[in-house]
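There are 2 protein chains.
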Amino acid sequence: MHTVLSSGTKEITIGHDQPFCLIGERINPTGRRIFQEQLRAGDLSAIERDVAAQVAGGATVLDVNMGVPLTDEPELLKKAIKLIQSLTDLPICIDSSVVEALEAGLSVYEGRALVNSITAEDDRMAEILPMVKHYGAAVVALPNDHDEIPMEADKRLVLTKKILDTAVDTYGLAVEDIVIDPLAMPIGADPNIVNVAYETIARIREAFGVNMTLGASNISFGMPGRHTINATFLPMAMAVGLTSAIMDTRTPQIVEAVKAADLLLGHDEWGSTWISMFRAKQAAEKLAVEAPAP
Amino acid sequence: MHTVLSSGTKEITIGHDQPFCLIGERINPTGRRIFQEQLRAGDLSAIERDVAAQVAGGATVLDVNMGVPLTDEPELLKKAIKLIQSLTDLPICIDSSVVEALEAGLSVYEGRALVNSITAEDDRMAEILPMVKHYGAAVVALPNDHDEIPMEADKRLVLTKKILDTAVDTYGLAVEDIVIDPLAMPIGADPNIVNVAYETIARIREAFGVNMTLGASNISFGMPGRHTINATFLPMAMAVGLTSAIMDTRTPQIVEAVKAADLLLGHDEWGSTWISMFRAKQAAEKLAVEAPAP
Chain U
0 MHTVLSSGTK EITIGHDQPF CLIGERINPT GRRIFQEQLR AGDLSAIERD VAAQVAGGAT
60 VLDVNMGVPL TDEPELLKKA IKLIQSLTDL PICIDSSVVE ALEAGLSVYE GRALVNSITA
120 EDDRMAEILP MVKHYGAAVV ALPNDHDEIP MEADKRLVLT KKILDTAVDT YGLAVEDIVI
180 DPLAMPIGAD PNIVNVAYET IARIREAFGV NMTLGASNIS FGMPGRHTIN ATFLPMAMAV
240 GLTSAIMDTR TPQIVEAVKA ADLLLGHDEW GSTWISMFRA KQAAEKLAVE APAP
Chain P
0 MHTVLSSGTK EITIGHDQPF CLIGERINPT GRRIFQEQLR AGDLSAIERD VAAQVAGGAT
60 VLDVNMGVPL TDEPELLKKA IKLIQSLTDL PICIDSSVVE ALEAGLSVYE GRALVNSITA
120 EDDRMAEILP MVKHYGAAVV ALPNDHDEIP MEADKRLVLT KKILDTAVDT YGLAVEDIVI
180 DPLAMPIGAD PNIVNVAYET IARIREAFGV NMTLGASNIS FGMPGRHTIN ATFLPMAMAV
240 GLTSAIMDTR TPQIVEAVKA ADLLLGHDEW GSTWISMFRA KQAAEKLAVE APAP
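Heads up: the protein sequence lines correspond to chains U and P, in order.
Here the first sequence is numbered in numbering that gives the first Met the number 0, starting from 0 and rising by one per residue.
Here the second sequence is numbered in numbering that gives the first Met the number 0, starting from 0 and rising by one per residue.
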């Protein structure tokens with residue numbers, strides 16, 4: 000099953016037979032105090048650096064969240080999307096908890112965006128899915144409802160089925176345009192919590208065959224060696240069926256692990272991407288060694 | 000299902016609910032010309048360094064192979080095992096294609112060894128399994144027969160069932176003392192070849208619940224960035240059910256990936272092993288920085 004995203008000039012396909020889709024997480028003011036202040040003052044220049052770093056790092060889609068308290072989020076999100084689309088041809092994942100912001104973002108976006116996100120809650124689906132359909136976008140869906148996040152894979156499967164049925168039967172979306180978030184939580188919270196995510200991924204793949212994405216960085220929250228944990232988590236999730244993640248695309252250790260997993264899963268035939276990545280890395284290292292001291 | 004190995008004083012349990020079993024691959028003359036010459040001259044001193052490096056790196060079992068052309072392999076293997084058991088309390092995996100060498104190794108070994116290996120060939124099973132039973136050892140079994148290595152998971156499952164049935168019904172072994180090698184081959188040979196290994200692992204786990212081990216280093220043969228490929232391969236295999244590997248235990252990147260996978264699979268409760276590994280690493284780095292120049 001293929002989920003196709005696009006910008007004005009570039010198309011990206013997410014699928015179980017495709018290289019992993021790396022959605023850069025960086026353009027998000029959560030936990031970035033200086034960035035929040037800049038955005039509040041109308042200064043979007045940090046976005047230019049974030050785009051450049053993520054494109055260089057290997058992102059294939061960019062998540063954009065403009066959730067800054069005390070701002071006009073819909074207006075800010077419009078500006079950010081226009082700016083980003085002037086800087087790169089990567090498709091965008093429009094990320095907000097505010098329905099009006101999602102609508103504003105979609106209204107200016109050129110191409111097929113990924114909308115982040117809905118849940119299994121009826122009112123949230125009723126507000127957002129008609130808009131996703133209208134703009135011909137795809138959507139990330141979290142299998143949780145008004146109650147807390149379900150801790151058992153069984154319950155997540157039930158809610159996934161509810162979301163897929165509702166999106167397709169009630170709102171006329173194509174099933175391949177629903178990307179399920181199997182819900183990954185920090186391993187520090189409960190030793191079995193990542194196992195539940197792996198089980199959910201494997202079972203959703205088997206039962207529905209849809210694409211999946213998740214926020215991959217908080218898995219290691221509160222632990223030392225976070226890059227290594229994150230670089231290990233993703234290939235394991237890929238082995239059981241994860242096809243995309245909203246992730247750190249600026250840390251080579253993590254991106255390289257994903258590319259190695261692509262190779263091992265047969266999604267990089269004869270290692271052409273892997274080998275050229277290493278050639279580029281070696282060339283850069285050689286250049287750094289040979290460069291005259293400043 | 001638990002496979003228990005031991006030395007005179009230490010017990011190791013391999014299982015789907017246990018931390019991964021890291022079998023150090025280093026004590027093996029294949030491809031080590033100098034080591035071969037030393038062994039031929041009766042000089043076993045390199046083994047002392049190999050034991051120390053693998054113990055320091057995090058090995059939980061040590062593979063010992065003394066397959067040097069033009070030597071008395073049974074005698075050499077006996078000497079090596081006695082030496083290693085005087086140096087460490089880690090259990091040993093006795094590795095040889097020569098039946099007499101396996102017998103010689105078992106005859107001097109203190110504890111429950113892992114014998115490496117049998118195949119699904121009737122004559123090989125008839126020669127080795129009674130010996131495994133006699134010495135109370137466990138055994139690694141490869142699901143291939145006289146023909147070439149099967150390239151489909153289906154065939155590997157059939158041969159696995161044959162091995163388990165024969166070992167239990169004909170030779171009286173306990174099923175938990177058979178450790179299946181699902182057969183991992185270099186990704187450079189065929190883009191789908193590692194997928195077949197992952198499928199085999201998942202299906203053997205589901206159908207038989209037995210422990211599995213494999214030689215993990217050749218996966219990356221011929222590719223650049225071999226450590227990263229190997230460090231990515233193992234957690235993916237662990238996610239689908241691999242419980243052990245014969246592997247490089249001297250490269251921190253690879254051992255750390257395995258430990259991170261243990262953490263994520265809930266086999267390192269609250270990260271106590273992970274956190275102490277990082278504390279030790281930081282302490283060593285701090286010491287290195289503070290040490291006066293020689």
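Everything labelled a hint here was simulated from the structure, so no lab data went into it.
Mixed in with the good hints there might be a few duds.
For the chain P half of the interface with chain U, some residues (derived, Cβ under 10 angstroms), not all of them [unchecked claim]:
(1) T165
(2) V167
(3) T169
(4) G171
(5) V174
(6) A201
(7) R202
(8) G265
(9) A282
(10) E284
(11) L286
(12) V288
Over the 10 angstroms line for every Cβ pair with chain U, so calculated as not near, a few chain P residues [as the list claims (entries may be wrong)]:
(13) K9
(14) V67
(15) L69
(16) P129
(17) K154
(18) A173
(19) N191
(20) N194
(21) T227
(22) T231
(23) M235
(24) E255
(25) E268
(26) I274
(27) R278
(28) Q281
The beta carbon of each residue, even a glycine, is placed where N, CA and C say it ideally should be.
Hint-by-hint comparison with the structure:
1. T165: violated, 31 angstroms
2. V167: This hint is violated: V167(P) lies away from chain U, its Cβ roughly 29 angstroms from the closest one there, beyond 10 angstroms.
3. T169: violated, 35 angstroms
4. G171: Cβ of G171(P) sits 35 angstroms from chain U, so the hint is violated.
5. V174: Interface hint status for V174(P): violated (25 angstroms vs cutoff 10 angstroms).
6. A201: holds, 9 angstroms
7. R202: violated, 13 angstroms
8. G265: holds, 4 angstroms
9. A282: violated, 12 angstroms
10. E284: violated, 12 angstroms
11. L286: violated, 17 angstroms
12. V288: This interface hint is violated because 18 angstroms lies over the 10 angstroms limit.
13. K9: holds, 25 angstroms
14. V67: holds, 33 angstroms
15. L69: holds, 38 angstroms
16. P129: Nearest chain U Cβ is 38 angstroms from P129(P), so the label holds.
17. K154: Per Cβ check, K154(P) is outside 10 angstroms of chain U; nearest 19 angstroms; holds.
18. A173: Non-interface label on A173(P) holds, nearest chain U Cβ at 28 angstroms vs cutoff 10 angstroms.
19. N191: violated, 5 angstroms
20. N194: The claim breaks: N194(P) does not keep its Cβ more than 10 angstroms from every Cβ of chain U (closest is about 5 angstroms).
21. T227: Not fine: 5 angstroms to the nearest Cβ puts T227(P) too close to chain U.
22. T231: violated, 4 angstroms
23. M235: Since the minimum Cβ distance to chain U is about 4 angstroms, M235(P) lies within 10 angstroms and the statement is violated.
24. E255: violated, 5 angstroms
25. E268: violated, 5 angstroms
26. I274: violated, 6 angstroms
27. R278: violated, 8 angstroms
28. Q281: Answer for Q281(P): violated, closest chain U Cβ roughly 8 angstroms.
Violated hints, listed in ascending order, are 1, 2, 3, 4, 5, 7, 9, 10, 11, 12, 19, 20, 21, 22, 23, 24, 25, 26, 27 and 28; each of the other numbered hints is respected by the structure.
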